[in-house]
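Take 324 as the starting number for the sequence shown in our numbering and just add one per residue.
Don't take every hint at face value.
[To be verified] Distance ranges between label pairs, derived from CB positions: (1) L379 - V437: 12 to 22 Å; (2) R444 - C373: 31 to 41 Å; (3) A399 - F454: 19 to 29 Å; (4) V419 - L460: 17 to 27 Å; (5) L375 - R448: 33 to 43 Å.
Just so you know, the hints here were simulated from the structure itself, not pulled from any lab data. Think of the CB as a built atom: it goes at the ideal place given N, C-alpha and C, for glycine as much as any other residue.
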Amino acid sequence: MPDLAHQIISGYGYSLGHDHFIASSGQPTSIVEPAYPLLVTASYLLFGECFLPVRLLQAVFGAATCAFIYVIGRRAINEATGRVAASLSAVYPLFVMYTRPLLTEIISCFVLAVCVWQIYRLVERPSAWNFFLGGVLV
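All chains, please: the whole structure from these sequences, using the hints.
Below is the structure:
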């Protein structure tokens, strides 16, 4: 992801700066969904090419994911289930470990949790707006 951010900042667009087994250097790529590299690019533009702000943002997304897991567990089963699920996700070693490297996994988990939460909202209160949000999130 840092490579894509460097390419975007350098004016080469959404392309890799090196050959990859499914993408050529300097050619537009779809190897990674655009949201995360754009987030890293924005961080680099605001704070310089430093990993710490991105890691802190990933930690915030991880914590927000735990909050959504609590809400989903509470809605799906009960309050205790929500608490246990959120607590386990907060201390799950791989979940904690993935906040350090610049990878899409933490953001993907967050988006997935928001999608599941939105599906519960859609089932509870069907409306055009909830259908629209569900479509945007998926």
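Going through the hints against the structure:
1. L379 - V437: 12 to 22 Å: Given a distance of about 20 Å, which is inside 12 to 22 Å, the answer is holds.
2. R444 - C373: 31 to 41 Å: 37 Å, holds
3. A399 - F454: 19 to 29 Å: Given a distance of about 21 Å, which is inside 19 to 29 Å, the answer is holds.
4. V419 - L460: 17 to 27 Å: Holds: the Cβ-Cβ distance is about 25 Å, inside 17 to 27 Å.
5. L375 - R448: 33 to 43 Å: 40 Å, holds
The structure is consistent with each of the numbered hints, conforming to all of them.
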